[in-house]
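In order, the protein sequences belong to chains A and S. Per this note's numbering: the first sequence = residues 1 to 128. Per this note's numbering: the second sequence = residues 1 to 128.
The set of hints was computed from the structure by calculation and includes no laboratory data. Treat the numbers as computed from the prediction; the structure is a model and nothing was measured. None of the hints are false.
Any copy will do: because identical chains look the same in the list, a pair fits if it lies in one copy or spans two.
No farther apart than 27 angstroms at their CA atoms in a straight line, the calculated lysine-lysine pairs in the DSSO-like style are these: (1) Lys123 - Lys8; (2) Lys88 - Lys123; (3) Lys8 - Lys93.
Protein chains: 2
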Amino acid sequence: MNIGDVAKRIDMPVKTIRYYEDIGLISPLRDTNGYRVFRETDMHKLAFLGRARALGFSIEDCRTLMALYEDETRASADVKQLAQEHLKQIEDKIAQLQSMQATLTELVHACAGDNRPDCPILKDLASG
Amino acid sequence: MNIGDVAKRIDMPVKTIRYYEDIGLISPLRDTNGYRVFRETDMHKLAFLGRARALGFSIEDCRTLMALYEDETRASADVKQLAQEHLKQIEDKIAQLQSMQATLTELVHACAGDNRPDCPILKDLASG
DNA sequence: CCTTGACCTTCCAGTGACTGGAGACCTTAT
DNA sequence: ATAAGGTCTCCAGTCACTGGAAGGTCAAGG
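With these hints in hand, go ahead and build the complete structure from the sequences.
Set out below in structure tokens:
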């Protein structure tokens with residue numbers, strides 16, 4: 001399998017796949033012409049990475065998760081802890097965004113949005 | 001006012017203030033020794049920037065907002081539109097994070113978290 | 001006057017996770 | 001033979017800072 005076909009199959013940009021090789025997440029073989037050759041295991045790893053990234057795990061977390069996946073003697077507690085820490089970060093981020101959302105929603109509602117210059121949004125930004 | 005005092009007063013890192021000058025958001029004066037000298041208007045702008053950034057506006061949005069703030073003939077509609085677009089991005093981001101949160105919460109609950117290797121989190125990542 | 005320590009200056013490099021583009025090579029179809 | 005499209009490597013840019021090095025300045029204490 002060439003990189004383009006893999007990209008279509010896994011639905012991941014070619015550039016990203018090359019990047020993942022660069023940083024050592026995958027190690028596809030090479031054809032005599034220098035083209036990357038992807039085995040089933042490579043595609044499996046890429047799919048794994050795609051799903052972990054879609055859940056917001058960082059690349060370093062993904063690296064750890066893959067290592068745990070390949071380690072038959074892992075403790076599920078290690079995976080769970082990683083996931084829980086990540087979950088907490090997500091929850092913190094949600095809370096932060098919701099606070100912004102609340103303030104912004106209020107300000108947007110208070111603003112007439114016509115062609116007069118008077119604007120509560122700017123007023124708030126200017127004076128806290 | 002020197003940069004360090006401003007940093008304390010506005011509660012913004014010295015580095016960030018210098019960066020904001022670099023990209024042309026503020027233009028403090030200079031003393032004979034080369035030190036930056038901040039006037040009230042500079043600090044006012046920095047406070048404005050701090051609040052806009054805290055609401056998640058990008059630097060470019062902040063630039064636009066400051067320009068609108070200084071333009072006495074602005075239409076509040078322009079400010080409102082910018083804020084609404086930003087609000088929508090925040091809401092999209094919240095939705096995306098909540099979807100991650102839902103999946104992760106489920107997976108974390110399903111995982112025993114003991115020292116056996118069996119782990120639903122890894123299973124999900126491996127097979128979608 | 002000298003030193004010490006806390007400021008201040010500029011400039012360069014790194015962060016995370018890609019993304020875009022240049023220039024060159026390879027393959028496939030016409 | 002040629003053209004289109006796929007692949008290669010390498011370099012630079014994104015965003016909004018952040019860290020660090022190397023050096024100039026200032027105020028206080030001895």
